[in-house]
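> Residues per chain, in single letters:
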Amino acid sequence: DVKVTQSSRYLVKRTGEKVFLECVQDMDHENMFWYRQDPGLGLRLIYFSYDVKMKEKGDIPEGYSVSREKKERFSLILESASTNQTSMYLCASSFLPSEQYFGPGTRLTVT
Amino acid sequence: AQRVTQPEKLLSVFKGAPVELKCNYSYSGSPELFWYVQYSRQRLQLLLRHISRESIKGFTADLNKGETSFHLKKPFAQEEDSAMYYCALSETSGSRLTFGEGTQLTVNP
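Those sequence lines, one after another, are chains L and X.
When the letters of the first sequence are read in order and numbered with our numbering, they come out as residues 1 to 111.
When the letters of the second sequence are read in order and numbered with our numbering, they come out as residues 1 to 109.
Derived from the structure by calculation, the hints contain no laboratory data.
Glycine included, C-beta positions come from ideal geometry on N, C-alpha and C.
Among these hints, one or two may not hold up.
Stated by the list, open to error - Subject to a maximum C-alpha distance of 20 Å in a straight line, what follows is the list of computed EDC-like cross-link-like pairs (lysine to aspartate or glutamate):
id, chain 1, residue 1, chain 2, residue 2
1, L, LYS3, L, GLU99
2, L, LYS55, X, GLU91
3, X, LYS9, L, ASP38
As the list claims (entries may be wrong) - Just a sample of chain L residues kept apart from chain X, beta carbon distances all over 12 Å, derived:
id, residue
4, VAL12
5, LYS70
6, GLU72
7, THR109
To be verified - Taking CB as the label site, the calculated pair distances span:
id, chain 1, residue 1, chain 2, residue 2, range
8, L, ASP59, X, ARG53, 21 to 31 Å
9, L, LEU41, X, PHE14, 27 to 37 Å
10, L, SER67, X, GLY16, 44 to 54 Å
11, L, MET27, X, SER40, 21 to 31 Å
12, L, SER67, X, THR60, 40 to 50 Å
13, X, SER95, L, MET27, 14 to 24 Å
Starting from the given sequences, assemble the full structure and let the hints guide the process.
Below, the structure written as structure tokens:
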């Protein structure tokens, strides 16, 4: 079974803080993705990576950055958290980009 | 740019009734279409893909290129089908997925 884990299920941060969300997969997948999930907006792609140290912007990269130093780990960074970044964040990995395996999600609240 | 639209945010049916979740897309190439599902307190997971033409948990979906649609259907809904359903599109090059807004399906007893 593919296992995608995320470092926290719930996170509360203050405006302006730097926030790190970690994602680890154990299936040697090349592709990894970060989404945010908001009611009525569906899943929106923030960033994705198809190889170590490679990254591509998704649809809503503003305010976010990513890091992929190792194949199994993909980190999402909020340089200066803002209240409009309060959301559910989902990480996914895949061998084929179309068949993605998702983590449990991190519900981030920025106050 | 590709786009996926799910016109119904909420859909409620009774157990045993047919259910159809609508999905429309816009893409100039030959897309691959998928349905993902998220049950309560579970992870988002792949339900089915159009190229496999299979039925999963009684659900089927047919790609209609003329109408640019990929509606998900089930003839007899069950309570355990209650979940959030997302339609997704993969471009010909296959580098990423584009998801729709999602439809929350509730099957009432």
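> Against the range 44 to 54 Å, how does the distance between the Cβ atoms of L:SER67 and X:GLY16 compare: consistent or not?
50 Å, holds
> Is it true that the CA of L:LYS55 sits at most 20 Å from the CA of X:GLU91?
18 Å, holds
> Quick check on a hinted range of 21 to 31 Å for L:ASP59 and X:ARG53, using CB atoms only.
29 Å, holds
> If we take the beta carbon of L:THR109, is the closest beta carbon in chain X still more than 12 Å away?
18 Å, holds
> Per the stated criterion, does the least C-beta distance between L:GLU72 and chain X lie above 12 Å, as a non-interface residue requires?
18 Å, holds
> Quickly compare the C-alpha distance for X:LYS9 and L:ASP38 to 20 Å and report which way the hint goes.
12 Å, holds
> State, for the Cβ atoms of L:LEU41 and X:PHE14, whether the hinted interval 27 to 37 Å holds or is violated.
29 Å, holds
> For the range 40 to 50 Å, tell me whether the beta carbons of L:SER67 and X:THR60 fit it or not.
Holds, at about 41 Å.
> Quick check: does the Cβ-Cβ distance between X:SER95 and L:MET27 fall within 14 to 24 Å?
Given about 19 Å between the Cβ atoms, the range holds.
> Would you say L:LYS70 is clear of chain X, with no C-beta pair closer than or equal to 12 Å?
Since the minimum Cβ distance to chain X is about 21 Å, L:LYS70 lies beyond 12 Å and the statement holds.
> Between L:LYS3 and L:GLU99, does the CA-CA distance stay at or below 20 Å?
14 Å, holds
> Run the C-beta distances from L:VAL12 to all of chain X and say if the shortest one exceeds 12 Å.
20 Å, holds
Hint compliance for this structure: every hint is met.
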